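Residue numbers for the first sequence, in the working numbering: 51 to 420.
Just to be clear, a hint being listed does not mean it is correct.
Derived lysine to aspartate or glutamate pairs resembling DMTMM-like cross-links, with alpha carbons at most 20 angstroms apart [said to hold, decoys possible]:
(1) Lys315 with Asp279
(2) Lys223 with Asp160
(3) Lys207 with Glu237
(4) Lys223 with Glu213
(5) Lys205 with Glu237
(6) Lys207 with Asp279
(7) Lys337 with Glu290
(8) Lys67 with Glu237
(9) Lys337 with Asp366
(10) Lys315 with Glu237
(11) Lys205 with Glu121
(12) Lys342 with Glu298
These are calculated hints, taken from the structure and not from any lab test.
Treat the numbers as computed from the prediction; the structure is a model and nothing was measured.
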Amino acid sequence: MIEITKKEKNSRSLTFKTKSGVINTPFFMPDATRGFVKSMGLDDLRGVGMGPMVVNTYHLYLQPGMELVKEAGGVHKLMNWDKPLLSDSGGYQVFSLIHKNPKMGKVTEDEVIFKSPLDGSMHRITPEKAIEIQFDLGVDMMVCLDDPCPNDYPKEKIAAAVERTIRWGRRCKDEYARQIAARNIPEENRPLIFGVIQGGEYLDLRKRCADGLAQIGFDGYGFGARHVDSDGNFLSEVLEYTASIIPENALRFALGIGTPSDIVKCHSFGWDMFDCVIPTREGRHGKLFVWKRDADIHSGSFYETVNMNNEKFRHDFSPVDADCECELCRNYSRGYLQHLFRMKEPLGMRLSAIHNLKFYMELMEKLRAS
RNA sequence: GGGUCGGUGGCAGAGCGGUCAAUUGCUCGCGACUGUAAAUCGCGCGUCUCCGGACUACGGGGGUUCGAAUCCCUCCCGGCCCA
51 MIEITKKEKN SRSLTFKTKS GVINTPFFMP DATRGFVKSM GLDDLRGVGM
101 GPMVVNTYHL YLQPGMELVK EAGGVHKLMN WDKPLLSDSG GYQVFSLIHK
151 NPKMGKVTED EVIFKSPLDG SMHRITPEKA IEIQFDLGVD MMVCLDDPCP
201 NDYPKEKIAA AVERTIRWGR RCKDEYARQI AARNIPEENR PLIFGVIQGG
251 EYLDLRKRCA DGLAQIGFDG YGFGARHVDS DGNFLSEVLE YTASIIPENA
301 LRFALGIGTP SDIVKCHSFG WDMFDCVIPT REGRHGKLFV WKRDADIHSG
351 SFYETVNMNN EKFRHDFSPV DADCECELCR NYSRGYLQHL FRMKEPLGMR
401 LSAIHNLKFY MELMEKLRAS
């Protein structure tokens, strides 16, 4: 079902089908964590040519809650989004909550118990429950509950996280099979399921995790945990190595990556799919991505980031990017955008998110064409 | 004209004898943001600096004091009340 076209070096291009449509790789998904891309409406998303997006199990489970999602008829119906959706398991949220503050929860072999940061109520999540919720969401792609511990943990703790991630991967896969059977889901509507490869910056642990998960068998494999070191340096070697040990005919999902240049790098390593808050968040914060003239995405710096709040743009009545055809660049100037930000007008955030996502969409088009 | 309260850094507004170059908020300048507790967060914001400090500052002027944004006198300006 996954069609692969091999390209130069490690990079490649795949075509695969989900119940909500065909997807060509590489592709980037914005984070619609709580069922919406912050500040953007459906017309905005369609306007930039948006395809698949990411929603989050943990956030939707807490708000608005699964009762409402089910009542709406699933997350697609709730959002009125008919293109593919991938749900992240929520492992990242629960574990980072607990790793930052042990009082927020407890991890045992069987389950994770955590306190909702919203109202302090206690919740428990198991690998089985994470999968069941994702079936209730009705997404096209789902992710196993994993243990993404911080990279600076001692190796033995990361090794333990790897083993737990594998064991939980097994339980997720078993639950997945049960849900498929119980819900009578035909093969063509079957959601894809992803395991997540942990192991910090240790290549042997990444290998152990990838092999353990591959033995269980998944449609795709994700790269888990932070991909930058404590100084913010991108862990290229780990990303490149991990991509190389994932089964050839499986999807490679670089979770949480990244900046435009990180994505280009990872694509050259063989990663197929990406998601990140950067384009939308940085847009809302006033930082916009702008192509350099005659940009060659494989030649280092092909873009720059422009902080539209900088004083020097106050009197700049030219568009953010004269060659860009997004709603912002077609209609408004830099000086006007800065005015919107200074006035804290939500329109500024929306236009900037649109612009940055358009930039990312164009980047992915260029990668697919290259 | 009389009385009264007040004049503090871009703004608002603390401080009311030393620990004050002066709390705090906003504005302003810059930076960060990578499976979204993020319309958030951090740093800076008198001048100069060999980064230890030095200098000029709390309406103007004068005084008291070892020492004043803080007390006294006077002038200027503003609010309110009475004529």
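Evaluation of the provided hints:
1. Lys315 with Asp279: 16 angstroms, holds
2. Lys223 with Asp160: 15 angstroms, holds
3. Lys207 with Glu237: 38 angstroms, violated
4. Lys223 with Glu213: 15 angstroms, holds
5. Lys205 with Glu237: Cα-Cα ~40 angstroms, so violated.
6. Lys207 with Asp279: 17 angstroms, holds
7. Lys337 with Glu290: 29 angstroms, violated
8. Lys67 with Glu237: 11 angstroms, holds
9. Lys337 with Asp366: 16 angstroms, holds
10. Lys315 with Glu237: With a Cα-Cα distance of about 34 angstroms, the restraint between Lys315 and Glu237 is violated, given a limit of 20 angstroms.
11. Lys205 with Glu121: 45 angstroms, violated
12. Lys342 with Glu298: Roughly 34 angstroms between the alpha carbons, so the hint for Lys342 and Glu298 is violated.
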